[in-house]
Amino acid sequence: TADRAVDPDVYEMFLRGLHHLHKFTEKDALESRRFFQQAIEADPDFAQAHAGLAGAYIVYSIVGNLPARDFYPPAQEAAQRALELDPSLGVAHTVLGFVELYFNWDWDAAEQEFNRALEMGPNDGDALHGMSSVLIINGRLDEAVELVKRARKFDPYSYLRNLPVWANLVVARRYQEATTEIEQWRAFSDNHQVGWYWLLSMYYDQGRHEEAMAELRHSSTGFDPESRTVMEKAYSESGIQAAFLVCAERVAGLSQREYIDPLSVARYYALAGDTDRTFLWLEKTYEARVPAIHLLAMPAFDPYRSDPRFRDLMGRIGIPESSWD
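Start counting the sequence shown at 151; every next residue gets the next number (the working numbering).
Calculated from the structure, these hints are not laboratory results. Treat the hints with care, as some may be off.
So the derived label-pair ranges between C-beta atoms look like this [claimed, not checked]:
(1) Gly-271 - Asp-157: 20 to 30 Å
(2) Glu-382 - Asn-341: 39 to 49 Å
(3) Glu-191 - Arg-219: 41 to 51 Å
Here are the computed lysine to aspartate or glutamate pairs in the DMTMM-like style, where the Cα-Cα straight-line distance is at most 25 Å [unchecked claim]:
(4) Lys-299 - Glu-333
(5) Lys-177 - Glu-227
(6) Lys-434 - Asp-475
(7) Lys-173 - Glu-333
(8) Lys-303 - Asp-340
(9) Lys-434 - Glu-399
(10) Lys-303 - Glu-269
The structure presented is a predicted model; accordingly, all values stated were derived computationally and were not measured. C-beta: ideal position from N, C-alpha, C; glycine also.
Could you put the whole structure together from the sequences, leaning on the hints where they help?
Quick look at the structure:
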């Protein structure tokens, strides 16, 4: 139960797990899992540690370099065990909501779990974020923005609370607001590359190709010098879509050696105007059970929504056809 005594050393392991979990990196997700598992080994009935372990699996499914679908079954098992031990534990409902959202694609079940979490903790930022994704799936884009803004109020200087605001603003096509938000964060953090993922497709959609190219340069800082040279040459000779194609092929090539989120590859091909390879990678996205499937609502995919293949994909995922019309 919630008021059961926990050994201070075990609770220390749990707190260390939370510390690493909130850093939201691949390395820290693995470290958080290790601490939560240690806490569970020492106290198998510690519900919060089971919920933390479930959260570690969910975070790793997002930031890790292994297929996301591998991490949902253990996440679901850990969350359900937490609820068996303490049905009033809101965070366990939140994590279960993400399993339903990201893996089972059961929007109603996800909404139910997030609502339960919010009944127990109305200011649960993760539950608000999860619920906003359900709203995007159902085409309620402005409401989705308001939920993540509400979540941010309780931790306004957290990158992880600002990132969903930018994403949801871009998905809602509220471009000026998104630009202002990201530029303010860049000034605050003194990091002028942050937010490139969202500015990139937004600038392209607005026809602001030079600004889109500046963001593409931020995205390719990890490329080898030869790839960057080829990308610049493609841009100068043939324009922004040619540069997107170089990026797409570079990232697709990397996927032969390591796990790459196929939705990101699909987005580059979509921006490059390569229809067939866009759908090839969207199919890989479907097969991989990629987290954040609601980001199919991104403007990069607007030119493809009338294609029967896109309609078919939405139908198989279970996204209402009218959601993003």
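Results for each hint:
no.	hint	result
1	Gly-271 - Asp-157: 20 to 30 Å	25 Å, holds
2	Glu-382 - Asn-341: 39 to 49 Å	23 Å, violated
3	Glu-191 - Arg-219: 41 to 51 Å	26 Å, violated
4	Lys-299 - Glu-333	17 Å, holds
5	Lys-177 - Glu-227	22 Å, holds
6	Lys-434 - Asp-475	24 Å, holds
7	Lys-173 - Glu-333	22 Å, holds
8	Lys-303 - Asp-340	21 Å, holds
9	Lys-434 - Glu-399	15 Å, holds
10	Lys-303 - Glu-269	18 Å, holds
Comparing the model with each numbered hint stated earlier shows that hints 2 and 3 do not hold.
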